[in-house]
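Enquirer: Heads up: take any position in the sequence shown, counting from 1, add 5, and you land on the working numbering.
Hint data in this document are derived by calculation from the structure and do not stem from the laboratory. Watch out, some of these pointers could steer you wrong.
Stated by the list, open to error - DSS-like, lysine-lysine: derived pairs with alpha carbons at most 30 Å apart:
#1 K280 <-> K237
#2 K910 <-> K517
#3 K358 <-> K306
#4 K306 <-> K805
#5 K882 <-> K872
#6 K598 <-> K570
#7 K988 <-> K1106
#8 K411 <-> K789
#9 K550 <-> K570
#10 K490 <-> K872
#11 K882 <-> K326
#12 K742 <-> K805
#13 K550 <-> K533
#14 K583 <-> K609
#15 K483 <-> K872
#16 K943 <-> K901
#17 K1025 <-> K988
#18 K805 <-> K73
#19 K533 <-> K555
#20 K609 <-> K550
#21 K322 <-> K783
#22 K882 <-> K925
#23 K280 <-> K339
#24 K771 <-> K783
#25 K1124 <-> K555
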Amino acid sequence: MMKKKSLCASRASLVLFLCQMISSLDVPLDSKLLEELSQPPTITQQSPKDYIVDPRENIVIQCEAKGKPPPSFSWTRNGTHFDIDKDAQVTMKPNSGTLVINIMNGGKAEAYEGVYQCTARNERGAAISNNIVIRPSRSPLWTKEKLEPNHVREGDSLVLHCRPPVGLPPPIIFWMDNAFQRLPQSERVSQGLNGDLYFSNVQPEDTREDYICYARFNHTQTIQQKQPISVKVFSMDSLNDTIAANLSDTDIYGAKPVTERQPVLLTPTGSTSTKVELRGNVLLLECIAAGLPTPVIRWIKEGGELPANRTFFENFKKTLKITDVSEADSGNYKCIARNTLGSAHHVISVTVKAAPYWITAPRNLVLSPGEHGNLICRANGNPKPDISWLANGVPIAIAPEDPSRKVDGDTIIFSHVQERSSAVYQCNASNEYGYLLANAFVNVLAEPPRILTPANKLYQVIADSPALLDCAYFGSPKPEIEWFKGVKGSILRGNEYVFHDNGTLEIPVAQKDSTGTYTCVARNELGKTQNEVQLEVKDPTMIIKQPEYKVIQRYGQVSFECIIKHDSTLSPTVIWLKDNDELPDDERFLVGKDNLTIMNVTDKDDGTYTCIVNTTLDSVSASAVLTVVAAPPTPAIIYARPNPPFDLELTGQLERSIELSWIPGDENNSPITSFVIEYEDGLHEPGVWHYQTEVPGTQTTVQLKLSPYVNYSFRVIAVNEIGRSQPSEPSEQYLTKSASPDENPSNVQGIGSEPDNLVITWESLKGFQSNGPGLQYKVSWRQKDVDDEWTSVIVANVSKYIVSGTPTFVPYEIKVQALNDLGYAPEPSVVIGHSGEDLPMVAPGNVQVFVINSTLAKVHWDPVPLKTVRGHLQGYKVYYWKVQSLSRRSRRHVEKKILTFRGNKTVGMLPGLEPYSSYKLNVRVVNGKGEGPASPDKLFRTPEGVPGSPSFLKITNPTLDSLTLEWGSPTHPNGVLTSYILKFQPINNTHELGPLVEIRIPANESSLILKNLNYSTRYKFYFNAQTSVGSGNQITEEAVTIMDEAGILRPAVGAGKVQPLYPRIRNVTTAAAETYANISWEYEGPDHANFYVEYGVAGSKEDWKKEIVNGSRSFFVLKGLTPGTTYKVRVGAEGLSGFRSSEDVFETGPAMASRQVDIATQGWFIGLMCAVALLILILLIVCFIRRNKGGKYPVKEKEDAHADPEIQPMKEDDGTFGEYRQSSLHSPLSLPAFSVLGTSSSRS
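Kindly generate the complete structure, drawing on both the sequences and the hints.
Expert: Rendered as structure tokens:
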């Protein structure tokens, strides 16, 4: 079967079909195809709904639209047709619907006030614009009024009224003096939202005659000024009798001394008030109080908390500001004014209403004849908006009948459409606070298949990587796509191919034999077409000789190698980097074909060097570290950091630049290489110094670029090879003028936090980047690849905005533009974000398990369709758990294990399984939100394996000629046990081993009595279990038969456990690393034994190496081992007949490639080799002396003592070792006939 998956987000040339919930076509983004297909009109640009124009300039009302054939345009004004041909002042731009009303040549803007609407029409339908309300801006003069001086007693409150003229839009109010300096404001003196200036209490320093209110009208770029207001504050304590005699009681409000007063609210008045605000707007609540001492304002929300992250306090906490308000922000807000004498409060009841906003805006439909589709228009608001439909700009109730169309509230249902069903539909959602209007067309097309991918396009990939062969297509009805390989090849099918919905053929793992010609065939009921593409699979690029770690003395020479192997048809380029940056521009660095050589090495050359090999298809790299060490010391001049520069001077002051000059300080025997210039912004970040620029050390003057609205100070730092000087003294300050922002916020992102929202975030501009006061951001968004208009909102100086009511996980185009009181920043770039993810909808299907061996299985599954992932595909999780062991037939709870496979993998390996067990597993898809549903549980079984070692082996009841053996079955049988294997052999006092005897014991036995053994003899036993697969690990034990009747040692009556005659060392364990291993053991025997550790390379004939253990510890660390090597180890005790443990085997970890050390140069290795050579020499001398005396020295047998019994040399006939003779009762190496008595025990 073919596998398909959706590629909803790919390159623009490959995006052929949008992931939509309805069944519809989408036209590919191919310019040639778009020119040929008929399409109803779409409004692409229009003026804002509320359009305030400058009455001194021409009025431009925008209306742009696209369509095929190109649409014609018409306008209505105040609901009736607007005949532009009859008005000489009005023209329409060519090939456009944009109107230009000529005001600058005699026209009057007031004559063109009204409501305008544009219609774009072609043979397939008509689209309409919003109602555009044109109003000229107004900046009227202040009405003349006679202003009397304000005589106020010290400590009283005062309000200076501004009462600006009513303008369009409303003016911005601020207070200044005659010198055009802003009047200082504080908790005591502040400006209200209505523009009035409030004094909670007046002080003598408030006396002045130039309190001036200004109104700035931004649209006309004019500022109106009110007549200056005079304020005189009288202090009763300082008035003399003469002044008092010339003033009336009314003028001075009585002659009482200044007294403190509890707070009284100046605004708002009364105890309660109400306010209505619209959803998404900024809520501003104000409380200003009089009192002495000056009251402090605090805000609370009754019955709730102020919203976090959206609440701001302004104007010394007299103004409560809540951004992006919603219905949840409705409620009672209380302001409390408090000083030491009491408090006053006011409750403002806030109601949040909402103009209509989209939940689901209608989308364009492209259908084939006979198909079905829906237009859905859903909006919300407070109150709930009314939904109405229009067809081609006409209310649908009076529009021409269309039998394929049915209106059902907010949905139009289309069935069995024909080409005549093409039209443009408008959805209008309105309530008392506004309306939304959206155009969406239905375009019915009948087109034969077309393949848009260029013919014979060549694709090149690296072997073992995916290959994607494009077949961009269009047709109506949607064509079926088939792929063939070769000229006469058969249709491609099977798991080795993936067929994407957009026509792309994916070969997940391309091999060399995948090279060839591939043919794509597209067919529908109107025709068929095909296209051929070429695929070439190249060999991967490899670094076969990597650079190695180097240590070099200063002023020496060093070379790094980088030898590569690559496909013969690719041209590699080799780049060398130092510390992930370009190599220094220095002739000492010589780059050869296969190496990098550094001449005359200095300390600066210390670092990491990387060789990067690039081809047009792949890239590989390898790194090595260079360490530079000091050469032999030589007498040197004392160098020091330079002294700081001084005498800084600013000249040539301009708006965006200034010239800075200085005098260098003493360089202290090391030439100054550069000067670093830093600046401080005393307006936004006083006390914080920032890097400005760096100039060569020969330069003492620099032209500096400046930003607007910054109060600059500069300082200079000198740099030489020793380091940096102390900073110079700061220069004088220079304040630049304000301007509109030069840049927009960075790191703009759109990531949904919930399935129905889009969280837009950005990094706010720094203080100096604002270029002026009133920094805000214009946040715009629209759904990607959908003909939607930009939706915009202006927010305060924050860094996040949340768009609600979005579809789940769809791409959005996002841009964030900075603005301040002087204007907008340049047009921002568009970034792509996604609305929120939701949990995946479906589980992977076709889950299959392939058992590879008793501990490993492979699991396959089919990928889920990407449109059901509903988020960024992160991978798949395989949950698996053991159900029961087939050998024990017992169930127990086992925690589920989880393996995660990143990306779109469809196969995974399950390691560490237990043999002969039943397992279950399921597979789940994972996205950024979480896991999807699990696939049905899949049951599989692992085959038998070799068993584990028996759980224990005990030897009891020793007699003169018998021993009783008891054992436990393996903890992990890993299958059905078939038998046990017992091997044993005698050991004499010199630890020489006798002949080996093997006995096979039935699996249901748990004990055995060995008879006819030699008395007073030590035996070594080897015991392991077997399944049908093979033998498991063996355990060993040693035991001794008791002496004869004349002997000294007899076991006590009732003795059950064999007491060893000699010390016992057992359970030798190792934990190995790269160059060392931790050895530990258990010891039974006399106290204060002196241990030693012997070790050697496994399988080698070299002598054992011996290490003495300090004290009687039961652990030791072997150092200086070779990485990646298998070693044998054993432990012995000195002075106890040289007794040793059985051998253990371990392997050291692999070597690290970055820092290899030549072992032959290490001191410990040389010493060890000398000791080994001396030991060999001594052994040779002893052997020579023994041989001259006629004795035989069994060197080989002593080396093999306690080794694997399978490889012991034996004579076939007499059961004795070669070259050994039975000469002593204390060395019993012969084994007489024996009998075996087994004791049965039931086993499950």
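Enquirer: None of the hints should be skipped; say for each whether it holds.
Expert: For each hint, the structure was consulted:
1. Between K280 and K237, the direct Cα distance comes to roughly 36 Å. Violation of the 30 Å bound is thereby established for this hinted pair.
2. As the CA atoms of K910 and K517 are separated by approximately 22 Å, the hinted pair is consistent with the 30 Å bound.
3. Restraint check for K358 and K306: the C-alpha separation of about 18 Å stays at or below 30 Å, so the hint holds.
4. Among the hinted pairs, K306 with K805 is consistent with the structure: their alpha-carbon atoms are about 23 Å apart, no more than 30 Å.
5. For the proposed pair K882 and K872, the alpha carbon gap of about 19 Å is at most 30 Å, so the pair holds.
6. Taking the CA atoms of K598 and K570, the gap is near 13 Å; set against the 30 Å cutoff, the hint holds.
7. Taking the CA atoms of K988 and K1106, the gap is near 26 Å; set against the 30 Å cutoff, the hint holds.
8. Between K411 and K789 the alpha-carbon distance is near 29 Å, which keeps this suggested pair within the 30 Å criterion.
9. For a cut-off of 30 Å, the pair hint linking K550 to K570 stands: about 10 Å separates their Cα positions.
10. With a C-alpha separation of about 29 Å, the suggested pair K490 and K872 falls inside the 30 Å cut-off, and the hint holds.
11. Distance restraint check for K882 and K326: the Cα-Cα separation of roughly 47 Å exceeds the 30 Å cut-off, and the hinted pair is therefore not satisfied.
12. With a CA separation close to 29 Å, the supplied pair K742 and K805 stays within the 30 Å bound.
13. A threshold of 30 Å between alpha carbons decides the hint, and for K550 with K533 the separation of about 54 Å lies outside it, so the pair is violated.
14. This hinted pair checks out: K583 and K609 have alpha carbons roughly 11 Å apart, not beyond 30 Å.
15. A C-alpha spacing of about 18 Å is found between K483 and K872, which places the hinted pair at or below 30 Å, so the restraint holds.
16. Restraint check for K943 and K901: the C-alpha separation of about 14 Å stays at or below 30 Å, so the hint holds.
17. With a C-alpha separation of about 8 Å, the suggested pairing of K1025 with K988 holds against the 30 Å cut-off.
18. Taken as a hint, the K805 and K73 pair is broken in the structure, with Cα atoms around 40 Å apart against an allowance of 30 Å.
19. Restraint check for K533 and K555: not satisfied, since their Cα atoms lie roughly 65 Å apart, outside the 30 Å limit.
20. Restraint check for K609 and K550: the C-alpha separation of about 26 Å stays at or below 30 Å, so the hint holds.
21. Distance check on the hinted pair: K322 and K783 sit about 26 Å apart at the alpha-carbon level, within 30 Å; holds.
22. This hinted pair checks out: K882 and K925 have alpha carbons roughly 14 Å apart, not beyond 30 Å.
23. Our distance criterion of 30 Å between C-alpha atoms is met by K280 and K339, whose separation comes to about 13 Å.
24. At most 30 Å may separate the alpha-carbon atoms for a hinted pair to count; K771 and K783 meet this at roughly 17 Å.
25. Of the pairs offered as hints, the one joining K1124 and K555 holds, with about 24 Å between alpha carbons and a cut-off of 30 Å not exceeded.
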